[in-house]
Amino acid sequence: MVNTLAPKAPAPRPLGRRPASPAVEGRARHRRQSVVAYLFLTPALLFFAVFLILPLGFALLLSLSRWTGFDLGDIDPVGLDNFAALFADGATFLTPVLTNTLLFALGTVALALAGSVLVATCVDRLRFQGLWRTLYFLPIVTTVVAVGNVWKYMYEPGGLVNGVLNALGFGSVAFLADPDTALPSVIVVHAWASLGSAILILTAGLKSIPESYYEAAALDGAGPATVFRKITLPLLRPSLLFVCVTQFLTGLQSFALISVMTKGGPGDATAVAALEMYRRAFSYGDWGTASAAAFVLFAVVLAVTLAQLWLFRRKGEDA
Amino acid sequence: MTSYGRRRAGLSRRTVALALPSALLGCAAPHRGTGRPGDSVVLTLLSHYASGALRTALQGPVDEWNATHDRVKVRTTAVEFSDLLTTFMVRQAAGRGADILQPYCLWTGQLVRAGVLRPAPSGHAGEIRRGYGTAAAGSASFGGRVYGYPTEAQTYALYYNRRLLREAGVGTPPRTWRELEETARRTTRRDRYGNSLVQGFGLSTYDDSTTVGLTLALLSAAGGRFVTADGRSTALDSPAGRAVLGLQRRLVDAGASDPGVNVYQAFPSGQVAMVVGAGWWTDSLKSVMGAAYRDVGVAPLPVPEPGDRPATLATGFLLGVNTACEHPAEAWEFLRWLNAEKVPVRDARVTRMSALQVSVGSLTGRADDMRALLGRGGDPNLRPFLDALAYAVPEPNGPGAQQAKSLLRKNIEALWTGQQSVAESLRAVRRQVDQEVARSW
Numbered sequence: 001m002v003n004t005l006a007p008k009a010p011a012p013r014p015l016g017r018r019p020a021s022p023a024v025e026g027r028a029r030h031r032r033q034s035v036v037a038y039l040f041l042t043p044a045l046l047f048f049a050v051f052l053i054l055p056l057g058f059a060l061l062l063s064l065s066r067w068t069g070f071d072l073g074d075i076d077p078v079g080l081d082n083f084a085a086l087f088a089d090g091a092t093f094l095t096p097v098l099t100n101t102l103l104f105a106l107g108t109v110a111l112a113l114a115g116s117v118l119v120a121t122c123v124d125r126l127r128f129q130g131l132w133r134t135l136y137f138l139p140i141v142t143t144v145v146a147v148g149n150v151w152k153y154m155y156e157p158g159g160l161v162n163g164v165l166n167a168l169g170f171g172s173v174a175f176l177a178d179p180d181t182a183l184p185s186v187i188v189v190h191a192w193a194s195l196g197s198a199i200l201i202l203t204a205g206l207k208s209i210p211e212s213y214y215e216a217a218a219l220d221g222a223g224p225a226t227v228f229r230k231i232t233l234p235l236l237r238p239s240l241l242f243v244c245v246t247q248f249l250t251g252l253q254s255f256a257l258i259s260v261m262t263k264g265g266p267g268d269a270t271a272v273a274a275l276e277m278y279r280r281a282f283s284y285g286d287w288g289t290a291s292a293a294a295f296v297l298f299a300v301v302l303a304v305t306l307a308q309l310w311l312f313r314r315k316g317e318d319a
Numbered sequence: 001m002t003s004y005g006r007r008r009a010g011l012s013r014r015t016v017a018l019a020l021p022s023a024l025l026g027c028a029a030p031h032r033g034t035g036r037p038g039d040s041v042v043l044t045l046l047s048h049y050a051s052g053a054l055r056t057a058l059q060g061p062v063d064e065w066n067a068t069h070d071r072v073k074v075r076t077t078a079v080e081f082s083d084l085l086t087t088f089m090v091r092q093a094a095g096r097g098a099d100i101l102q103p104y105c106l107w108t109g110q111l112v113r114a115g116v117l118r119p120a121p122s123g124h125a126g127e128i129r130r131g132y133g134t135a136a137a138g139s140a141s142f143g144g145r146v147y148g149y150p151t152e153a154q155t156y157a158l159y160y161n162r163r164l165l166r167e168a169g170v171g172t173p174p175r176t177w178r179e180l181e182e183t184a185r186r187t188t189r190r191d192r193y194g195n196s197l198v199q200g201f202g203l204s205t206y207d208d209s210t211t212v213g214l215t216l217a218l219l220s221a222a223g224g225r226f227v228t229a230d231g232r233s234t235a236l237d238s239p240a241g242r243a244v245l246g247l248q249r250r251l252v253d254a255g256a257s258d259p260g261v262n263v264y265q266a267f268p269s270g271q272v273a274m275v276v277g278a279g280w281w282t283d284s285l286k287s288v289m290g291a292a293y294r295d296v297g298v299a300p301l302p303v304p305e306p307g308d309r310p311a312t313l314a315t316g317f318l319l320g321v322n323t324a325c326e327h328p329a330e331a332w333e334f335l336r337w338l339n340a341e342k343v344p345v346r347d348a349r350v351t352r353m354s355a356l357q358v359s360v361g362s363l364t365g366r367a368d369d370m371r372a373l374l375g376r377g378g379d380p381n382l383r384p385f386l387d388a389l390a391y392a393v394p395e396p397n398g399p400g401a402q403q404a405k406s407l408l409r410k411n412i413e414a415l416w417t418g419q420q421s422v423a424e425s426l427r428a429v430r431r432q433v434d435q436e437v438a439r440s441w
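Chains A and B are the protein sequences, given in the same order. At position 189 of the first sequence the residue is numbered 189 (my numbering), and the sequence of numbers has no breaks. At position 162 of the second sequence the residue is numbered 162 (my numbering), and the sequence of numbers has no breaks.
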């Protein structure tokens, strides 16, 4: 087989012809290599074109049109009307839907990050670390429907959580039926369910911190809190950034867990953007505002992610 | 070329581009037949009768049709109800829509506006108007035109647990709202931690039926309506609307209702004394409760004051023909055979659909069929639902009906959970529903 990407040995000079300059040869070789590279990339590019660019373009078209979802020839352009409808007076998309989405994502990140840092640090000092990591990873491999239903039963008035509260002498709490507690209750479940992957990443990050730093700190007489604050946390920053960004993205796009546990209720207490989009498209046949909502959510996700990256990089430079 | 001409050309190109995937999918569509000898027309029927008794019940008459008709055959496909509308959408957009559809009547306006449902030919429309009750025929109509044969018809009535009422010293089910509140208070029981042991009157945020269905049934009983006669704006913000939401709020405040409880589980377990529900539930209760079903009674929906005219809500499904169906005459003929042709069943002459529905514990909007079938050993608990067919009000089914229903549900839940007052709920429903429904028309 000929390796077309390998540099070729200089060819013998042909008789009677003027030799090509090295620059021309280099350009030709570069062109050949580019063609081969693009050929290898073609399947992946085609895949992205079919499953990413086309749907994205179609969604953009729908966000500027009215479509009931039944007949592709029935798409009616309406300009920015769908975006205006999302933010019109009395519309629920900005408040409470988008607000709930941000609160849900923030709450999940805060809980999952704090919990995973704590657990990962503890696991890093234990024996049988693989076993502990596996245990914490189990919720990730369990289906969201099962997780949601189990927690739903645990939260019910006669469920495990209220049983514990009753045993401690407290009254029952209608966790999912009370609008004040419904969103925090779902946030706890989502954070719990996403703890496993965060722990995996953070334990890998902890392993990459050189032991010599801890030894030096011990020689200087630094306490555990100082070591954690001055050594562990700063050196864990890349892993924390990754966990933070991915958890936030997952939180902003969350759908299945809320659909199983509360269906967005009671009232609008747990309504989030992805659920609202699904309802508008598949239940109401309003694909225009559903697509417009998707682009608004995309803008929010992009803005939040860029803000996170900027914040972490700035802190990195300061450090 | 004029600007209009350019626009038309642009739309045409876009339509072609968008329709290309559908056309490609269409190429892979199965052969539907021509109707010539040896090449039967095959009609597809998509319903939500996906499992168990419902699937078997529908397959029986379809098999009978296929055995007795050579030129036209019918093939059934089914999905769960929760996937039904989505399946209609996806298959229709891909050019693979079923010839015969069985949508929920709530979606009639939405499907008509989307150009999915074909109006019934005049002969069939006349047969439907003559053969069915007003509520059933109204559920299958939109804008004054009939779009299909009504199949199962559901009316709402009061389910009650005789044992729980007896233990609370109540001999008969309530007939007025005052009696309803009193009975609810007397039957309610809680433990010392506030957990509900018995909910006097079942208000549950569980699904559309337990929130919106119940509310609209009570609203009908109070003489009110959710939307105006033309279906274009909400009419809930009225004395009747205030009375219904006020009743619900008082029940929650008194602790007689616990919206967080799933009544579909709690009532069969003897943890709910009374609940408003649709007729389909009787069959499910029988199988879940076993011998304890003898404690279940059904009474007409209580009215606000003694002497008020009875009224309740009617919902249902219809069997209609897709606009994309290539053999509409054959499809309508099959529907007439299934829904209008009378055959002998248990010493009575009823339609195949009526026999089918009663066999699964449900009803059709053909009151004469229902009386003939239920008069011969049927469940007496179905009678109040049957009687209600005469005075029930059909559920609004305009183009934005599903969205209006969801918005109403959110605000009812907000009322039940103390997020909104009665006045705030009524105002929010009016503002939100009017805005969204206006976009649908």
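Worth flagging that the hints you see were computed from the coordinates, not collected in a lab. All figures in this text were calculated on a predicted structure; none of them were measured in a lab. Heads up, a few of these hints could be off.
[Said to hold, decoys possible] Only part of the chain B face toward chain A is listed, based on derived beta-carbon distances under 7 Å: (1) 82; (2) 87; (3) 89; (4) 92; (5) 93; (6) 114; (7) 193; (8) 229; (9) 233; (10) 402; (11) 403; (12) 414; (13) 435.
Idealized CB from N, CA, C, for every residue including glycine.
Outcome of the hint check:
no.: 1; hint: 82; in the structure: 10 Å, violated
no.: 2; hint: 87; in the structure: 10 Å, violated
no.: 3; hint: 89; in the structure: 4 Å, holds
no.: 4; hint: 92; in the structure: 4 Å, holds
no.: 5; hint: 93; in the structure: 6 Å, holds
no.: 6; hint: 114; in the structure: 4 Å, holds
no.: 7; hint: 193; in the structure: 5 Å, holds
no.: 8; hint: 229; in the structure: 23 Å, violated
no.: 9; hint: 233; in the structure: 14 Å, violated
no.: 10; hint: 402; in the structure: 5 Å, holds
no.: 11; hint: 403; in the structure: 4 Å, holds
no.: 12; hint: 414; in the structure: 3 Å, holds
no.: 13; hint: 435; in the structure: 5 Å, holds
Of the numbered hints given earlier, the model fails hints 1, 2, 8 and 9; all others are met.
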